[in-house]
Amino acid sequence: MNTEKNKAIQTLKTSKGQIEGIIKMIENERYCIDISHQITAVQSLLKKANLLILKQHLNHCVKDAFINNCGEEKINEVMETLEKIISK
Numbered sequence: 001m002n003t004e005k006n007k008a009i010q011t012l013k014t015s016k017g018q019i020e021g022i023i024k025m026i027e028n029e030r031y032c033i034d035i036s037h038q039i040t041a042v043q044s045l046l047k048k049a050n051l052l053i054l055k056q057h058l059n060h061c062v063k064d065a066f067i068n069n070c071g072e073e074k075i076n077e078v079m080e081t082l083e084k085i086i087s088k
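For the sequence shown, this note's numbering assigns the number 1 to the initial residue and increments by one for each residue that follows.
What the hints contain is simulated information worked out from the structure, not anything from laboratory work. A hint or two may mislead.
[Claimed, not checked] Subject to a maximum C-alpha distance of 20 Å in a straight line, what follows is the list of computed EDC-like cross-link-like pairs (lysine to aspartate or glutamate):
1) 47 <-> 77
2) 48 <-> 80
3) 47 <-> 83
4) 55 <-> 73
Modelling step: build the complete structure from the supplied sequences, incorporating the hints.
Written out as structure tokens, the structure is:
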């Protein structure tokens, strides 16, 4: 497994732990603003993991596709993904 995927997995595991913590915060009726801050932190981690996966995709899948003369399809996939990310 390459570096980007390993970093993405670690980031997602951290996110998972934080989400579990957020659930406990809600169950323990913690202050809403504190809960909101933790949710924002998890969203940032998920964005980071997504960027790592996209970087891996560009460095490996897209690069290989261009070497095999079929890169246009991969470019379209990346653009569709970026459009979804940007439109949120």
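Hints, one by one, checked against the model:
{"no.": "1", "hint": "47 <-> 77", "result": "holds, 18 Å"}
{"no.": "2", "hint": "48 <-> 80", "result": "holds, 18 Å"}
{"no.": "3", "hint": "47 <-> 83", "result": "holds, 14 Å"}
{"no.": "4", "hint": "55 <-> 73", "result": "holds, 17 Å"}
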